[in-house]
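S.K.: So the chains spell out like this:
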Amino acid sequence: MKQPKFGIVVFPGSNCDHDTYYVLRKILDLDVIFLWHKQSALENCDVIILPGGFSYGDYLRTGAIARFSPIMNEVIKFANKGGYIFGICNGFQILLEAGLLPGVMIRNESLNFVCKDVYLKIENKKTAFTKGIEGKNSLKIPIAHGEGNYFADERTLIELEDNNQIVFKYCSNNGSINSEANPNGSIMNIAGIINKQGNVMGMMPHPERSSDSVLGKTDGSLIFKALVNNILN
Amino acid sequence: MFKAKVLIKRRKTILDPQGKAVEIGAKHLGLGNIKNTRIDKYIEFNVDTKNKKAAEDEVNDYCKKLLANPIMEDFEFTLEEIK
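Protein sequences appear in the order of chains S and V. Residue numbers for the first sequence, in our numbering: 1 to 233. Residue numbers for the second sequence, in our numbering: 1 to 83.
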């Protein structure tokens, strides 16, 4: 199969779209285009990325208005047909609002906007986004959000656990999961989840901000590379 | 035409970090009897229909699909005819 083509959706207020484009094109040498939120064609992309930012100013609730952008109808259809969708930070929030992933995001417990490197434990190493990432106790990837406090009711949490849908949890740098390592109050330290079918993933940390060695950390690139390899194989 | 007044309340089981923080302010003010502060949303708009039932249906739709997130919020509203 040929290299997968990536499409990055640009909403008004997206601000990590160019960083993600840079990483995919310049660091990983992949085929990538921008998709304006008002268009409906996904232009034969194999992976759709909903990038970080503050779509529509985060008015009402994070992601609540972007979820009704014209392109989202096609994104939902694409997801239902098994297409790969990767929501990062605000993109994750949009996926929750669109109902493509379960749960909600609320204000960080501290009320602070938290911008720092965190460590992530890979809870499910069999997803298309994580399979093949070996030899790491934890991934060092930054977060930058005010509303990353993931919440879901008990029934949803049991379902997430039973189906291995929790992909990443916040942990300390040796991989242990505890409340000190939780930057925002997320229930069960959840940092990223995937849908039951395994094609739609959302995570609050920003892998595109830790993919260029110039920045002194490259663990984020492992996720993009794993996805490409798993699509090709 | 009707004026809609919508109140959107976060479920009691869901933490309200803003309410908690504001309540710390109340304590600092010396208002020691304030408990369970919750910050919710109040939204007003007009609905341009002649018939109240049609207005109700449209407001319900607006609340369910956009204004409130049914996973964590409940809503209630009133409609008042504007002459």
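Worth flagging that the hints you see were computed from the coordinates, not collected in a lab. From the three backbone atoms N, C-alpha and C, an ideal C-beta is built for every residue, glycine too. Some clues are possibly wrong.
[Unchecked claim] Over the 10 Å line for every Cβ pair with chain S, so calculated as not near, a few chain V residues:
1) ALA21
2) LYS27
3) TYR42
4) THR49
5) ASP61
6) ASP74
[To be verified] So the derived label-pair ranges between C-beta atoms look like this:
7) S:GLY99 with V:LYS41: 35 to 41 Å
8) V:GLU56 with S:GLN3: 49 to 55 Å
9) V:LYS64 with S:GLY57: 19 to 25 Å
10) V:THR49 with S:GLN39: 53 to 59 Å
11) V:ASN46 with S:ASN164: 56 to 62 Å
12) V:LYS65 with S:SER213: 43 to 49 Å
13) V:GLU58 with S:ILE133: 45 to 51 Å
14) S:GLY57 with V:GLY25: 24 to 30 Å
15) S:ASN164 with V:GLY32: 45 to 51 Å
S.K.: Hints broken by the structure, by number, lowest first?
M.R.: The structure conflicts with hints 1, 7, 10, 11, although it agrees with all the remaining ones.
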